Structure formats: C-alpha cells, structure tokens
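**Q** Take the sequences, apply the hints, and build the full model.
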Amino acid sequence: MTGWAAFLLTALLVELTPGPNMAWLAVVAAGEGAGVGLAAVAGVALGLGVVGVAAALGLAALVAASPALYEVLRWGGAAYLLWLAWDGWRGAVEEAPPLPGRAVARAFRRGLVTNLLNPKAGVFYVAVLPGFLPPGDGLLPQTLALTGGYVAVATGVHAGIVGLAGQARRLLTDPTRERRVRRGLSLALAGVAVWLLWRS
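For the sequence shown, full-length UniProt numbering gives the first residue as 1, with consecutive numbering after it.
Heads up, some of the hints might be wrong.
Label pairs and their in silico Cβ distance ranges [as the list claims (entries may be wrong)]:
#1 Val-72 - Gly-35: 41 to 51 Å
#2 Pro-175 - Pro-141: 42 to 52 Å
#3 Trp-83 - Leu-140: 22 to 32 Å
#4 Trp-198 - Ala-68: 12 to 22 Å
#5 Trp-83 - Ala-6: 10 to 20 Å
#6 Arg-183 - Gly-58: 27 to 37 Å
#7 Trp-86 - Gly-35: 14 to 24 Å
#8 Val-50 - Gly-156: 15 to 25 Å
#9 Arg-179 - Pro-67: 40 to 50 Å
#10 Pro-67 - Ala-34: 44 to 54 Å
#11 Val-72 - Trp-4: 19 to 29 Å
#12 Ala-6 - Pro-67: 13 to 23 Å
#13 Trp-198 - Gly-35: 38 to 48 Å
#14 Trp-83 - Arg-180: 20 to 30 Å
Quick caveat, the hints were computed from the structure, so don't treat them as lab data. Being a predicted model, the structure only gives us computed values, none of them experimental. In this text, a Cβ means the ideal position worked out from N, Cα and C, and glycines have one as well.
**A** Laid out in structure tokens, this is it:
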C-alpha cells in the first residue's frame with residue numbers, strides 16, 4: 001500500500017467512525033431535508049479545509065527544518081490513531097444537538113463554526129498527516145495535496161450520509177448495529193497505526 005492510499009484509507013476510517021459530524025448530519029438531513037443537509041456538509045468541508053490549509057502551511061516548514069520533529073510527529077500520529085481506535089471501541093461518541101429551524105444559512109454556519117473550533121480536526125492534521133509525508137523536498141505541495149484528499153473523503157462521506165439520511169439515522173440509533181460498525185472500524189484504525197510505524 002502506498003503512503004497516499006494509506007492516508008486516504010485512514011481518512012475514510014476516521015470519517016466513517018460514528019461521531020458528532022455523522023450523527024448531526026443524519027439528524028439534520030432526516031429532519032430538515034436534503035438541501036439543509038447539503039448546506040451543512042458544505043460548511044463542514046470549508047471548516048476542515050481552512051484548518052487543514054493553516055496546519056499545512058505551518059507543518060511543511062517545521063517538518064522540513066527538523067527530521068527529529070518528523071519522527072516525533074510520526075510516533076505521535078500513530079499513538080493518536082490508537083487512541084481514536086480505543087475511544088471508538090469503548091463507544092465514547094459525542095452527540096451534537098439537532099439543528100432547529102429550516103435555514104440553509106444556519107446549517108452552513110453551524111457546520112463551518114463547529115469544525116473551525118473542533119480541536120480533533122487540528123490534531124488529525126498536526127499529529128497524523130505528517131506520518132504519511134515522505135522525507136525530502138516539496139513538503140508543502142504534498143501536505144496540501146493530502147489535506148485536499150482528506151477534505152474530499154470527508155465531504156464524500158458526509159454527502160453520502162445526507163443522501164441516505166433515513167438509513168444512516170437508523171444505523172446510528174440501533175445500538176447493536178452501531179457497536180459492530182464502530183468496533184470494526186476501530187480495529188481497522190489500529191491496524192493503520194501499526195502499519196504507519198512499521199513502514200518506516
């Protein structure tokens with residue numbers, strides 16, 4: 001598996017693991033309609049993109065200046081993925097409250113602000129992304145490319161949830177089904193963390 005493919009797989013597993021964005025988008029789309037749900041998806045995507053670009057600009061310079069920092073971030077990223085896997089396995093899922101009203105602008109704004117202020121998004125970019133960067137020149141373009149890949153994967157997953165809001169909502173509210181999905185994805189995340197350490 002290439003570093004690019006492994007990163008996209010990691011992004012997909014993180015986004016498929018039930019969490020605040022998934023639960024909130026399912027509730028919004030099921031209760032307020034697909035249009036409002038897609039507006040929320042656009043806000044989430046913009047928020048993730050802004051945080052990602054900001055992180056990329058700082059990360060590229062820091063990693064290029066310090067090989068030791070690269071190793072620290074690589075091990076820290078693997079540890080963070082293992083923590084996410086454990087968190088998902090034991091079922092520590094935050095619930096976001098449903099969106100009141102039918103305002104598309106409100107849905108967009110909520111998705112944007114929530115992800116701009118979400119420390120987990122920043123931690124993913126700072127702790128996990130560097131582990132998938134090959135050492136050498138051209139770090140900024142590669143970092144921005146991975147950031148774009150993550151936002152694309154996240155947006156695809158979120159749009160899919162909105163498109164299948166009824167099914168997604170039933171999945172999230174069925175405890176047995178939700179636990180099986182969550183634990184399967186958690187094991188896969190742990191596998192990616194081990195691969196990240198082993199490949200170097």
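**Q** Hint compliance check: list the failing hint numbers for this structure, sorted ascending.
**A** Violated hint (a single one): 7; every other hint is consistent with the structure.
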